[in-house]
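Chains as they are written, first to last, in our numbering: chain A, 2 to 478; chain B, 10 to 368.
Hints may be right or wrong, so weigh each one.
What the hints assert, rightly or not - If you only want the chain B side, here are some residues facing chain A, beta carbon under 10 Å, derived:
id : residue
1  : V44
2  : L48
3  : L87
4  : L90
5  : Y91
6  : V172
7  : V173
8  : A239
9  : A241
10 : D301
Unchecked claim - Covered stretches of chain A, as calculated for chain B (at least 3 residues, CB under 8 Å):
id : segment
11 : 285–291
12 : 368–376
13 : 433–440
Please keep in mind that the hints were generated in silico from the structure rather than gathered at the bench. Ideal Cβ placement from N, Cα and C applies to all residues, glycine included.
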Amino acid sequence: MTPALILFYVVAALWLGGGTLWLLSHRRYRITQAPQFAMDLLGFPVEIAQAVFGRGGVPYAFLLPNMLIFGLFTFVPVILNFYVSMTGGPALNVTQRPFVGFENYRVLFDCASILQPQTCSNAGFTFWTSMFNTLWFVLFQVPVLVAVAMVTALVLNRAIAGRGFWRAMFFYPVMLSPVVIANIWKWILHRKGVLSASLEDGAASVATFAGVTGFSIMACVVLAILLLIAAERTLRAGAAPSVVWAALFGAPFVAVIAWADPVGLAQGMASGTGLWLGLALALGLLGLVIRDHRLVRPVLVALCLLAVGLLLTIQFDAVFDFSGFRAVNWLVTPATGWPFFWIVFVFCWSHMGFYMLILLAGLQAIPRDIYEAAEMDGTRPVRVFFRITLPLVMPTLTVVIVLAMIRSFQVFDEVYLLTGGGPGRETFMIVQNIFEEAFSGTNPRYGIAAAGSVLMAIVIAAFTAVQLFATRRRSGI
Amino acid sequence: MAGVMRFLTRTAGGQDGRRIGVTDVLAYGYLILGVLLILVPVSWTFLSSVKPREAIEAFDTRLLPLDQIEAEVDGRGLRPLYAWDDPRTEGQPVVKVGPTRALTDVARIDRPEEVLQAPRGELVALEEVRIATENYLDPILQRGGQRNFAFFRYLGNTVFVTVVATLITLLINSMAAFALSKYEFRGRMTFTLLIVATLLIPSTIILVSLFFVVWSMGIFGSLWGVIIPAAATPTGVFLLRQYMLTIPDELLEAARMDAASEWKIYWRIVLPLSLPALSVLAILSVIWRWNDFLWPLIVLISDPTRHTLQIGLTAFSGEFSSSTHYILAMTVVSLIPVTLVFVYLQRFITTGIATTGLK
């Protein structure tokens, strides 16, 4: 007989027996009113509260079950967590656990430097490794997640045909269970899976195509035409420069600069700076276009000439010679960053729809007439976004960022099922650390796990506070 | 022609005949790309799950479930068939009768005693499209030596947890929401704040101590240990409370005039009127419970008879990593109910989440 069972029997006897007696003595029921009697019996505690305390007692009776469960399974554990974190040993009965003070915390902090987990005790090593992995994860995950959700919400907030369909499709992965998601992606990302196979096929056919005579010249001409069209469209006569076309100009421009590597060309050896130089130039151009700067035209023409000139120096058949390409074992190969990348990707894949939905609701709550007024004034779309949309959606955005952050800190399911924390401990997250300390293995260390979760709570609270503080003025909360 | 073009390039809400610009092209391109990124992995898993075991193990990346045809050959049993473009075969399929070498011994199926020498590269496997229903039926019906995945037991456990937990959630959350929205009483603010506080406590932080509470109550290892701790959801209380605030108090007063008890007001008047909000919460609760993973893993993993579908699937994938074809099929089975619910109720769900903004 467990305490819960005894309690259950006592409550059930009082409820059913007492309730039947009380109801039958106070009211009359016909046989056909049996369902009604059942419902009244279910609400017997409320009825008795009304009979004894009058209407004033009723709301407390209504709140009781919810508060009982909140209290027992949320508030008591919060307090208990501090206590458990100061006890040791494997005992399951809380009263029999020896009190050890701050010993568990001391073990976790038993390091030469917590920034170097390898100098810690064993428990400290796994804890701080998982802590830093989680921090890196949050650092990458939250911006990616919020940015993708924001872009999707903005696209869906346009005059789009079939918005309900798109919205539902993007939300669909949120409904899938982590086990299903992990099995799907494990199957796709297997070393011989469909992704590796398609990439290798694709690389092989591109390499074959690039080997055709005249490919280099054709690529050169096609890219030059694309760049010129985008540049011309950016500077449509009589209109402000188009940001979208400028971005479309920027993408091939970055590729050209990255391939041509002008710095390396001047030095006579590969420098590896091409990509960054290209990105810097393209972002600079984009900044000018957004501000409608008077230098846009000369700068764009100069960049165009630069790109077309550099095009002639690129050996396209060498650039596109992917014949040596071999796909890696995405989730298993250590020290490549791919397992971490796919964790971030799959998490974004499965959770983006939820944040997108909240942001979309926030965007649709912005009154239309503000946009109409802006259109009357001939405000440019970029300005409308930064001056109207972003400030007005800021409260929603803050909520989304906080929710995404708290959710990312707690990442467990997908990672545990996809990589199991591996390879090595590259994707070993903090909840998995708590889970493994306490619940897997023959020697559970509940104290260490509880201490770890207290530290995790402190980190989450600190991050949330910083985030709310940073956006307090703009978000108005 | 111009009319056709205008029809094809017109946009929603574009009464002024606005044409599709580059931004629209990019927007639709982005949406199509995103939907492909979501649908292709799911569809690929489905297509793979109906492939025969040999195709799965060979990582056959063709779309259709192709299986090599086998035939009974006199004195040699069931053998896979090959096509060999050679005049001596007269168009008949051949079977291998020796080990595969540069020159492999083959024989025509109608003349198995006559051994021919075929270059290995010229033998093409003869394949037919076959839906491998055994991937699904073996684990479900416990056939073919598949006794490790007790499908109906897991399904029963999952359905029990989902249904009971949803009913309890609906009942107690609507009761709390009714009290918080329709009564003025001392401590109303305190109770509301307490519920907000539970919203801010991530469940993973109290994992260890929740385990102690559940263990000391004696419901650890049973399905009730999964059902009860999460039965009261702050999300549900808020969702219902927001909705109940819109029900006019006059209705309640009129019922009180007719001497209805408060409980009767709750279940005869307020509950039927809150049906839209209740159904949103019911759908959310079903999805949460169906997909729940970490807490059931802790509570139920040690007892295989109490596994839910998700936990059973995890244990199965962990232990029998060679049975990929079964794992894929069971993944699809576990995905189907959620997909069906979603297809029929997606409008409910998306508006429900957008209005509560919580999960």
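For this session: Could you tell me which of the hints above the structure violates, numbers in ascending order?
Result: 3, 4, 5, 6, 7, 11 and 12
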